[in-house]
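Heads up: the sequence lines are chains S and B, in that order.
Just so we're aligned, residue 0 is where the first sequence starts under numbering that gives the first Met the number 0, counting upward by one.
Just so we're aligned, residue 0 is where the second sequence starts under numbering that gives the first Met the number 0, counting upward by one.
Among the hints, a few may not be true.
[Said to hold, decoys possible] Derived CB-CB ranges, DEER-like:
no. : chain 1 : residue 1 : chain 2 : residue 2 : range
1   : S       : P196      : B       : N128      : 54 to 60 Å
2   : B       : E113      : S       : A420      : 56 to 62 Å
3   : S       : E454      : B       : A189      : 54 to 60 Å
4   : B       : V54       : S       : A420      : 48 to 54 Å
5   : S       : V146      : B       : Y85       : 55 to 61 Å
[Said to hold, decoys possible] Computed footprint of chain B on chain S, listed as stretches where at least three residues anywhere in the stretch have a Cβ under 8 Å from a Cβ of chain B:
no. : segment
6   : 46-55
7   : 418-427
8   : 441-449
[Claimed, not checked] Just a sample of chain S residues kept apart from chain B, beta carbon distances all over 10 Å, derived:
no. : residue
9   : K106
10  : A378
11  : K453
Think of the hints as simulated: they come from the structure by calculation, not from any bench.
Quick reminder that beta carbons are idealized off the backbone N, C-alpha and C, glycines included.
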Amino acid sequence: MSTSTDTIEELATREYKYGFVTDVEAEELPKGLNEDIVRMISAKKKEPEWLLEWRLKAFRVWQKMKEPTWQNVKYEPIDYQDIIYYSAPKQKPSLKSLDEVDPEIRKTFDKLGIPIEEQKLFSGVAVDAVFDSVSVATTFKKQLAEVGIIFCSFSEAVHNHPDLVKKYLGSVVPHTDNFFAALNSAVFSDGSFAYIPKGVRCPMELSTYFRINAKGSGQFERTLIVAEEGAYVSYLEGCTAPMRDEHQLHAAVVELVALDNATIKYSTIQNWYPGDKDGKGGIYNFVTKRGACIGVNSKITWTQVETGSAITWKYPSCILQGDNSVGEFYSVATTNNMQQADTGTKMVHLGKNTRSTIVSKGISAGRGQNTYRGQVRIAKKAIGARNYSQCDSLLIGDKCGAHTFPYLEIGNATAKVEHEASTSKIGEDQIFYLRQRGLSAEDAVNLIVNGFCKEVFRELPMEFAVEAQKLLSVSLEGSVG
Amino acid sequence: MLDIKDLQVRAGTKDILRGINLKVGIGEVHAIMGPNGSGKSTLARAIAGHPEIEVVGGSITYTGKDLLEMAPEDRAREGVFMAFQYPVEIPGVNNAYFLKAAINAKRKHHGLPELDAMEFMALVREKANILHLDPTLLNRPVNEGFSGGEKKRNEIFQMAVLEPKLAVLDETDSGLDIDALKAVAEGVNAMRSPERAIIVVTHYQRLLNYIVPDFVHVLQDGRIVRSGGKELAVHLEEKGYGWLEAEPQLM
Chain S
0 MSTSTDTIEE LATREYKYGF VTDVEAEELP KGLNEDIVRM ISAKKKEPEW
50 LLEWRLKAFR VWQKMKEPTW QNVKYEPIDY QDIIYYSAPK QKPSLKSLDE
100 VDPEIRKTFD KLGIPIEEQK LFSGVAVDAV FDSVSVATTF KKQLAEVGII
150 FCSFSEAVHN HPDLVKKYLG SVVPHTDNFF AALNSAVFSD GSFAYIPKGV
200 RCPMELSTYF RINAKGSGQF ERTLIVAEEG AYVSYLEGCT APMRDEHQLH
250 AAVVELVALD NATIKYSTIQ NWYPGDKDGK GGIYNFVTKR GACIGVNSKI
300 TWTQVETGSA ITWKYPSCIL QGDNSVGEFY SVATTNNMQQ ADTGTKMVHL
350 GKNTRSTIVS KGISAGRGQN TYRGQVRIAK KAIGARNYSQ CDSLLIGDKC
400 GAHTFPYLEI GNATAKVEHE ASTSKIGEDQ IFYLRQRGLS AEDAVNLIVN
450 GFCKEVFREL PMEFAVEAQK LLSVSLEGSV G
Chain B
0 MLDIKDLQVR AGTKDILRGI NLKVGIGEVH AIMGPNGSGK STLARAIAGH
50 PEIEVVGGSI TYTGKDLLEM APEDRAREGV FMAFQYPVEI PGVNNAYFLK
100 AAINAKRKHH GLPELDAMEF MALVREKANI LHLDPTLLNR PVNEGFSGGE
150 KKRNEIFQMA VLEPKLAVLD ETDSGLDIDA LKAVAEGVNA MRSPERAIIV
200 VTHYQRLLNY IVPDFVHVLQ DGRIVRSGGK ELAVHLEEKG YGWLEAEPQL
250 M
């Protein structure tokens, strides 16, 4: 009848800029998962016995676990025996300098706008570049080491800083935590490790860039960040993958530990391949992220901009154990075409006067389904705890969906918990209004979406806020004709 | 400047405009009056290019161009401005930011350099002064939480900043008390210029006491049934729209 839904339907075409494949010789383990594969991964990485034991424990637990089904997403069953658990580009066993990185891989990261040559680095950001199962380069290590900061691949940390790894690995997300965390614990291949010593304010942004390249493989990385007393670090994670017809599994674990008066800001720009407009291909993103505010007055802030993946299953959470500790979660999640996201956070208040803030912005377009799932738990002893939650959903078109599942568990009467929620729709009238003032339909949608996400974008480091805005506009490209 | 010929618009199976003929010259102020449902707002929206308006016949020529072939944003960039009857809220988007995007879209279209923040703020302050607009309005999200009067004044303010060649005011007087009405009219009068044409769409004569038109057209059942000078509006006010049906058309 009216043309309004038709024009909105034209949203369906979107281009994914990062869908190319790098031709690089890879060393892969055979498909499938059993104890031998776990042992082989550990052997490939020349791991100490204790880590192999830990992996095997996780594997045995995982075998008894069932894949969760409570999430509000639908997907074909994952065949865990049809995945390659380890794929690494062939390269020299140890790189003396960044110049030795395979030129093809270097080109890949250049193409992605992540230069791994230090002189080219944008505004002092140190990067750990993870390609399929391994870290291929970490920049600015030397400069960071001068102030005592350790920033390296997880494998290197296992060899060079075993005590730290042993102490904190699994301390926030135990190997028994959930199906995907257990799987990760058994087969994780690499990831990033950052340690900020007492009283040190990290002088630059730390960043890990994840790239899935190989066909048929999954990516299982682990990130561990420890901020000692009074330390500060801002960390950014980005990710992309080639366009493939098959679904690829990404099951990562991130653990953050903040001691007394420490602050960790963790920002994610998740741009995995989302699949095509009919839902073919795309990454299954099942990720466990959790931070422990162990110390008093510590603070952990999660900021995420989720535009990619066919399926997103992710709840960056905070355990607020130290008195007066603060947890924050700022999220923008977009689902376009056939994408599905079930994402949110858990704020667990254990200490006195702990505070948490949740700001979640869900944007659904095409036939996308967007679910916010958040839990606020205030323990009996968490006297004076406070939480503020705000969940807003924005719908573009009339074939998408937004869902909100807040769970509140209040254990004492001194707690203050506020929850606000709203759902709105980008109206044809809004778009027409802006077009009447001279903006193109595309710019009109971007303006409306950016207005909607403003509270989250301002939490991102400057350069990345701009990146995020651009990414969002690409992600919603074609959503309004 | 604007030449509308035999314009026909349909909504579903209903004919809303059934052959509109209207010529508006540069520097002129035209009032379009008519009872509810006569098609006034449809005409305004057809000029602006609202996507839900289905033009089934006729033409609109604007500065020699076929307006109906142009996207709404291109019409805007070429100088067509519509003040909305119900200005739309854009939550979280700063009014000044939005206006800057709008003015720069227009400048880009005309091959002019974009205004930087300083130049833009200078322009905006000047216009806000002329309209006696509360400058804090600039830092608020577009129309969000604005009173009815503020929304309409914001429309006139946008018009002042964008300096259109053709401004169409769609029932800008609806829902305004007398003080707000005067303020809005004052703003519009400040915009009158030999370089600009203005079309005022209104149900009531009241607004035309303050914005005195050069021509008045009466729209009924999708046709212009009478045109005349400003006295036609006074006549209508005294006798009501029923008078038109009782008297045969003179022109």
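Against the structure, the hints:
Separated by about 57 Å at the C-beta atoms, P196 of chain S and N128 of chain B satisfy the suggested range of 54 to 60 Å. The hinted range of 56 to 62 Å is not satisfied by E113 of chain B and A420 of chain S, whose Cβ atoms lie roughly 38 Å apart. For the pair E454 of chain S and A189 of chain B, the beta carbons lie near 37 Å from each other, so the given range of 54 to 60 Å is not met. Checking the proposed 48 to 54 Å range against V54 of chain B and A420 of chain S shows it is violated: the Cβ atoms sit about 41 Å from each other.
Range check, V146 of chain S to Y85 of chain B: Cβ separation about 58 Å, and the 55 to 61 Å hint holds. Only when three residues or more bring their CB closer than 8 Å to a CB of chain B does the claim for the segment 46-55 of chain S stand; here the count is 0, and the claim is violated. Proximity of the segment 418-427 of chain S to chain B, defined as three or more residues with a beta carbon under 8 Å from a beta carbon of that chain, is established by the 3 residues found. Given as covered by chain B, the segment 441-449 of chain S passes the check, having 4 residues with a CB less than 8 Å from a CB of that chain where 3 are the minimum.
Annotated as non-interface, K106 of chain S keeps its C-beta farther than 10 Å from every C-beta of chain B; the closest such distance is 34 Å. Distance to chain B confirms A378 of chain S as a non-interface residue, since its nearest Cβ pair spans about 35 Å, more than 10 Å. The Cβ of K453 of chain S does not lie farther than 10 Å from every Cβ of chain B; its closest approach is about 5 Å, which violates its non-interface assignment.
The structure does not agree with the numbered hints 2, 3, 4, 6 and 11 stated previously, though it agrees with the rest.
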